[in-house]
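Peer 1: Going line by line, the protein sequences match chains A and B.
As numbered in this note's numbering, residues 1471 to 1786 make up the first sequence, in order.
As numbered in this note's numbering, residues 1471 to 1786 make up the second sequence, in order.
Be aware that one or more of the hints could be misleading.
Because identical chains share one entry, a pair is satisfied inside a single copy or across any pair of copies.
Said to hold, decoys possible - In silico lysine to aspartate or glutamate, EDC-like type, Cα no more than 16 angstroms apart, as pairs:
#, residue 1, residue 2
1, K1715, E1647
2, K1778, D1726
3, K1655, D1781
4, K1738, D1587
5, K1655, E1622
Don't read these hints as lab results, they were simulated from the structure.
Since this is a predicted model, take the numbers as computed values, not measurements.
Number of protein chains: 2
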Amino acid sequence: MFRPEIKVLDCTIRDGGLMNDWQFDDDFVRAVYRATAAAGVDYMEIGYKSSEAAYSRETNGPWKFCDEDDIKRITEGTETDMKLSAMCDIGRIEREDIGPKSQSVLDMIRVACYIKDVDKAIDLAHHCLDQGYEATINIMAISKAIERDLDEALDDLGKSNVPVVYLVDSYGTLYSEQIQYLTRKYLLALKDKTVGIHAHNNLQLAFANTIEAIICGANRLDATIYGIGRGAGNCPLELLLSFLKNPKFDLRPILDAIQMHLLPMREKIEWGYFIPYMITGTLNEHPRSAMKTMASDQRHEFRDFYEKMVDGTPLE
Amino acid sequence: MFRPEIKVLDCTIRDGGLMNDWQFDDDFVRAVYRATAAAGVDYMEIGYKSSEAAYSRETNGPWKFCDEDDIKRITEGTETDMKLSAMCDIGRIEREDIGPKSQSVLDMIRVACYIKDVDKAIDLAHHCLDQGYEATINIMAISKAIERDLDEALDDLGKSNVPVVYLVDSYGTLYSEQIQYLTRKYLLALKDKTVGIHAHNNLQLAFANTIEAIICGANRLDATIYGIGRGAGNCPLELLLSFLKNPKFDLRPILDAIQMHLLPMREKIEWGYFIPYMITGTLNEHPRSAMKTMASDQRHEFRDFYEKMVDGTPLE
Chain A
1471 MFRPEIKVLD CTIRDGGLMN DWQFDDDFVR AVYRATAAAG VDYMEIGYKS
1521 SEAAYSRETN GPWKFCDEDD IKRITEGTET DMKLSAMCDI GRIEREDIGP
1571 KSQSVLDMIR VACYIKDVDK AIDLAHHCLD QGYEATINIM AISKAIERDL
1621 DEALDDLGKS NVPVVYLVDS YGTLYSEQIQ YLTRKYLLAL KDKTVGIHAH
1671 NNLQLAFANT IEAIICGANR LDATIYGIGR GAGNCPLELL LSFLKNPKFD
1721 LRPILDAIQM HLLPMREKIE WGYFIPYMIT GTLNEHPRSA MKTMASDQRH
1771 EFRDFYEKMV DGTPLE
Chain B
1471 MFRPEIKVLD CTIRDGGLMN DWQFDDDFVR AVYRATAAAG VDYMEIGYKS
1521 SEAAYSRETN GPWKFCDEDD IKRITEGTET DMKLSAMCDI GRIEREDIGP
1571 KSQSVLDMIR VACYIKDVDK AIDLAHHCLD QGYEATINIM AISKAIERDL
1621 DEALDDLGKS NVPVVYLVDS YGTLYSEQIQ YLTRKYLLAL KDKTVGIHAH
1671 NNLQLAFANT IEAIICGANR LDATIYGIGR GAGNCPLELL LSFLKNPKFD
1721 LRPILDAIQM HLLPMREKIE WGYFIPYMIT GTLNEHPRSA MKTMASDQRH
1771 EFRDFYEKMV DGTPLE
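Same shape as in the complex, but just chain A (with noise of 0.2 angstroms):
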């Protein structure tokens, strides 16, 4: 598959620091820059903008903020053409919060909200773009989106200048057809702008789910190295340039980060396809349940957690 439009993003750091709190070393985050622009990949999402309001620094990580000087640590020395970009949460971030861009190594601003949200991300899309960014918004969880909310919210998206959408299975819970169904009503009501796509890994289908949706026409993919990422993680990156085939991607620095940074990360952060992953994937439920349950001395009683997720028993 090769289409010139595709643009492939990397949220190796932003997705993988849901996992350890974005407590990731410089040397890591280093190696993931290196290694992505070495790969040619197009974007790189660096961590989340968030208002020092919302999260405290003792408990997070870096990653979670963005701020100018600790980006520029890592990307310094490094010659790419390799955009950035950082994704804010509808929430927890101010306006203020983002400057212009002529102030920022950041190309790029992602706004991910709820599908209740959808006409705030617009607005901060909107200030985003004024500031001199591009932007794109991620309706994320939208396996629990209702169709007429859905409809409502493309209708909005459809008349803003925001040039991309995201869909985002964040309960990594869609099939195929879903994503195929999913993908083309985005295409269908956002006919001017790119669709992209964000897939999870609970059922061992974001890889394919990425697939489907390029087939279908989505230009703007996520994935993440080794598939690192909450949970049962994301999209892994080194399959996802095997298959595209822009001559421009070249596999072996991800296999080298993988060998030299991921398999060390892997010993200290669980991610990837475990039972109660699954269970929550194919319930359509938040994996926090999961996490919880994984954190858990319970963490091999599938049985247990199936049936109180099944009941609706409250697990936390």
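Add chain B to chain A, keeping to what the hints say.
Peer 2: Same frame as chain A, but now just chain B:
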């Protein structure tokens, strides 16, 4: 997806045995038998039927031979209408090794072959049918087949009495569009027959490709508990049962088997998503080079392995 024609076959012992020469103890095999029976699985494939002359009993466990007494030791005491299957490989078995169904607890023989041996496989499958078994032909390594050879093979199979033909992605290399193309091709050529799918997970696509084949009309589906199988493993049974909507399936016995038997087995044999398997998958190569690398102290030298595979440097 609920289609009453769909039948699920568990090949945990048969394909998993490729990783440990079928040296499973009776407790493990019995646990798999009871769990799949309780889960509503249609067939369990308990191993290979092989000539004693073809393999040594010293290195291969009982499930490489599937003697009646060995099987009965597993099945006795369990009430179920689940059927039992064994696989045989062309060239590793003689007609006389397969006696009459009336003297066997097996219900089905699946004949595996490379495409060049389809006529031998048809001959053996006809013998199995004559002896009173159900029979299938599983054409392995289909990603390496030349189109003209496949057309001829399908033509021969179409004229045969063999009722079920499997598409087998032995190298775990096919993407959804290829699965779609091949499944449709099989169905077109084998109009009154049933088509099956056996996928490997090198590219994290075994489950997705099984779904794709279902959508295209495949009605025989192979899977293994927790995805155990050669190299990267197979389509995980727990994912497949969760996807299929047939009310007779019950996920819970499979969750129990994972907790009590597959997690401990995972400490002894390694299957799953490892980069060497991903590399052979993405290059459409037999996993044997990856298995060799995985067993060596170069198992993490990914770039080196990749470059040798791309260059065609002999690895053995």
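Peer 1: Enumerate the violated hints, using their earlier numbering and listing them in ascending order.
Peer 2: When the structure is compared with the hints, numbers 3 and 4 turn out to be violated.
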